[in-house]
Amino acid sequence: MRLIFAVCAAALMTLAGLRCAAAAPTTSLDLRADRVVYYSNRYIVTGEGHVHVRLSDGTILTSELFSMDLKLNRYLLAGNVHIDSGNVHEVGAGFAGYPDTDRSYFLSAHGDPDKWTYFGLDFNDQHKGRAQPGDAFFIPDVSREKPYIVASSAMIIPKTNVKFGGSRLYILGVFVPTGSWVQSFSANPNYSQNGFAGAAFDIGLPYQGSAHAVSAVHLRYDGLQKFFLSFDQHFVWGRDYVVFSVNPVTQPLRQFNLIGYKRISPKMEARIFAQLTTYQHGIYQPTISSAYQNYEYVASQGHSAFSIVVDQYNPALLHFSKEDYRLGLADESYFDHPSDGTLTWYLRDMQLTAYTPVKFRMRAGYGFAHDGYHCGPLTGRCINDPQNKSGIDEGYVLDYFGADRTRVPTIMQKFLGATLYTNSIPLDRLDSLNLNATFDKQRQWFSLPHYTDTTTSTVSLSKLYTRKLSFLGAYTVTQLGDYYGARQLEFYPPDDPIYPNPGGIAYPGYRAFRGFSTTRSLLGSMAETPNAYFNYILTVRRNRDFPTPIPGLFGNAPWSVTNEIRFRIAKQILLDATRTDYFNFGGYTPQFTLQFGP
Amino acid sequence: MPRLQTYFTAGLTALALLAAATTAPAQQTPQLPHAPGQGEPSTVPATPAPLPEPSLLTAPSPGVPSPGAPSPGASPSGASPPPGSPAPGSSAAPAPAGVNSKPAIVRFTGQLLDVRNGYVYFTTADAFKTSPVLRVVDFDTGGPTSLTPGPELYARATLEAASGSIVELALTRRKLPTDEASLQAYQQAHSYVITGSPKVVAPELLHGQRLTGRPVAVTFYVQVPPTTSLTDTVYITTDASGWVANAMRMDRIDALHYRLTRSFASGTKFAYRYTRGSWTSVEVGEDGLQDDPHQFFVPEVDAKRLTDVVYRWSDQNGTQQQAGPDAIPTPFNPNPFANLPSAIQHPGVPPPSPTPKP
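If you're matching them up, the sequences are chains A and B in order.
Okay, so the first sequence: first residue is 1 according to the working numbering, each after it adds one.
Okay, so the second sequence: first residue is 1001 according to the working numbering, each after it adds one.
Hints were generated in silico from the structure; no laboratory data involved.
Worth double-checking, as some hints may not be accurate.
Derived DSS-like pairs (lysine-lysine); straight-line CA-CA distance at most 30 Å [what the hints assert, rightly or not]:
1. B:Lys1175 / A:Lys146
2. A:Lys128 / B:Lys1129
3. A:Lys441 / A:Lys463
4. A:Lys359 / A:Lys441
5. B:Lys1304 / A:Lys159
6. B:Lys1304 / A:Lys463
7. B:Lys1304 / A:Lys468
Below, a sample of chain A positions facing chain B; criterion: calculated Cβ distance under 7 Å [as the list claims (entries may be wrong)]:
8. Glu64
9. Gly94
10. Val142
11. Ala187
12. Ser192
13. Asn434
14. Ser460
15. Ala474
For each residue, glycine too, the CB sits at the ideal point set by N, CA and C.
Extracted from the complex, chain A is given alone in its bound form (with noise of 0.2 Å):
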């Protein structure tokens, strides 16, 4: 009896499995062949003599060539194929994959020729002379194509990554071992996501992946490290993910990143970004530490959408003491969490009325700042500072609160902002001539008597002469305002401030500046497509700054022209050159940038 039953439950298993080999395409396959090599240009891995698959069930494929393009997700195996998997063992010419739609495609040598279909990985269960693609078995024609990585193996994780083994990489002619490579395809963009700080260089060297993780070695530059290497750490599960990075892992000024993200329903997410910052050799106990944190949530209901955003400074994670404070070591901030938080409302775009081609959006919140504000290095430091080397009392942004502060009392902020804008308006019968006009007015006020205000305002008018000229113009008024109320001359006094370079540059145009600035901005731009691999675009721009700029550090150039050449030199190399030049701004010079891209 326990025999029947052990056959009764070996039998159900069998079918419960073969039922769900069925239901699910392979979802890694392991590729070993006398060499395997990756075109990127087409994204295809192909693998040449004794090719052997091993299938996510287990399944082994050998054959003399193998072929798969990632993007089309399907793979072909062609000449003396041969598929063994549980007690099935059959020979063909040709075997074709298609995880998408869960089929497998087989040229039987078996006997006569024959054409096989097999449901998902079940290959106990032929499906003789059913219909196949047409081109289940063409192999694609890479002849003219260069090898990017040349390999022994690849573990392939269809829609996301290849790690190669063995690999050597086309580099500048020469290929370079780099004994194990990981070459991401995924559409998922999450993979590209990083906590790295801004460089003027940067190569990843992906070394290690799998379906949801791929570790990466970053060799970067910039100007003040030069060359470093820095580490980062990708998770990615469909939407969500989390990155760690370090940067750099060389260099003493050392930044530790997380970065979160995590979709908790349709309709809301939370979003995590962790920083350490530290100045350490090696793995010795750091000189400098600090930390920052922000937290962001955001949940949509209805026409709105609601954000909360926190922000967490550390400024010191050493210890320090009043000793280290009397002897100059530590100030104020030192001793100091800062943190500040905003609740945020937005309304989606709404038509204002039905009869007018306006629509608004409106957004209000919320927030604080806690111990923002203190005497320090930055905002001057108070008298009985020991660094305070002057004799005056330096925190002058202080005395708001009282001579004898120290700390800025939390402040509490609120705003509300609205965006007026037309859709483009068409003046003529072609829609050839638009118009557009936008209007954006913000305020925000402190738990002080203070408040700022904001005022954007736009209007432009384009033309299209044809599908591939097209004109723009635009004048933009942008204002600003912060105001005191009867202390303004207090925050905005009356002198001539020096703007704090190594030359220590006067900035006079500062004098009559009361904290109410306006930026006028005329532009005109002209766009010529003439083609996909050509354009040239014209753009002469006029502003006119209260307060005057200074040339070469800051506001805008009276005047400025920008020429900017794009076209295709090679079938994915786009070439982007742009010129800018500046007039009335003290000869300042001309801006040239040359951009490669695809």
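Mind docking chain B on chain A? Use the hints.
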């Protein structure tokens, strides 16, 4: 006990039948008429629609020309006509008059998949019988060759109509071109294809779209948020460009719209998003949440226009000024004047020193 075993056997048989019924094709259609030379039914697409997923830079796999499906054109990315296509010079030697309307010798070309057990298989999935005395020669010289018939090689096959078998294979590594004459020669040879099982329709292939990889002018037309500065540049980032944030730069055509026209091969499928040059300024949905990337599939048309709307940029989720620490020149308004220095010194105030900030 024997009765129990009988029940058990019957139960197992029923389960097996049930399993077979659920895994069998939905339609066990009888064999379709397969007239010699007609090849695949015309309803069977060369490439079913859900299958191709090439990238911007990847040539779509064009359908291999079975006799019923002409050869696709070259794709913009340099994909050449598919293998298995007959070559110029393929010919059909006429049979003696009055003997048979079919030629005695048929020559056609194609790409080999395998030569095995007395059959030669082409990448069209067609198998032909080989003569016991199969000659393997060099394609160019007609003399002996060091090549061994196998995958990837191209061959000119000489088929003897009387025996219905291939008597000679002329091998080359060189890709053989395609023309109308060679297609016709292949059609003639197609009547000698050996198939073991009767043909069964695959319903999942019936509604496919035939894709040739022809260049299609695709215009991206996007409306940006009204808060987008006139001096901002908008880019398209795609999976094919490794999600580089500034992969394809768009042209501004008015205050709210940007445009870009690029040529892609039909059948190309890719995912894309709009950015302002970095991943910190990527588009977010109207609900303020991170959206999935847009998906696009290039159909078999002359031109295609895509219209998208970006409701917000991720770095413009609210324009309120955050009152962070060390904010100057005023304590409660970090940097209200973007065109002014954030560290203006007033007389008597020492210069600020930089501190590491995130």
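Now the hints, each set against the structure:
Pair hint Lys1175 of chain B plus Lys146 of chain A holds up; C-alpha atoms about 17 Å apart against a cutoff of 30 Å. For the hint pairing Lys128 of chain A with Lys1129 of chain B, the CA-to-CA distance comes to about 20 Å; that is within 30 Å, so the pair holds. Distance check on the hinted pair: Lys441 of chain A and Lys463 of chain A sit about 28 Å apart at the alpha-carbon level, within 30 Å; holds. Between Lys359 of chain A and Lys441 of chain A, the direct Cα distance comes to roughly 14 Å. Compliance with the 30 Å bound is thereby established for this hinted pair.
The hinted pair formed by Lys1304 of chain B and Lys159 of chain A meets the criterion: a straight-line CA distance of about 26 Å does not exceed 30 Å. Only pairs whose Cα atoms come within 30 Å are accepted, and Lys1304 of chain B paired with Lys463 of chain A is accepted, the gap being roughly 22 Å. Among the hinted pairs, Lys1304 of chain B with Lys468 of chain A is consistent with the structure: their alpha-carbon atoms are about 16 Å apart, no more than 30 Å. Look at Glu64 of chain A: its Cβ gets to within about 6 Å of chain B, closer than 7 Å, so that hint holds up.
Proximity of Gly94 of chain A to chain B holds as hinted, the smallest CB-CB distance being about 5 Å (cut-off 7 Å). Interface hint status for Val142 of chain A: violated, as the beta-carbon distance to the closest one in chain B is roughly 10 Å, over 7 Å. Interface restraint check: Ala187 of chain A against chain B, minimum CB-CB distance 4 Å, threshold 7 Å, status holds. A hinted interface residue such as Ser192 of chain A counts as satisfied when its beta carbon comes closer than 7 Å to some beta carbon of chain B; here the least separation is about 4 Å, so the hint holds.
This hint holds: Asn434 of chain A has a C-beta 5 Å from the nearest C-beta of chain B, less than the 7 Å allowed. Contact between Ser460 of chain A and chain B, as hinted, is supported at the beta carbon level, the nearest pair being about 4 Å apart and thus within 7 Å. A distance limit of 7 Å between C-beta atoms decides the matter here; for Ala474 of chain A the minimum to chain B is near 5 Å, and the interface restraint holds.
Hint 10 from the earlier list is the only one contradicted by this structure; the remaining hints agree with it.
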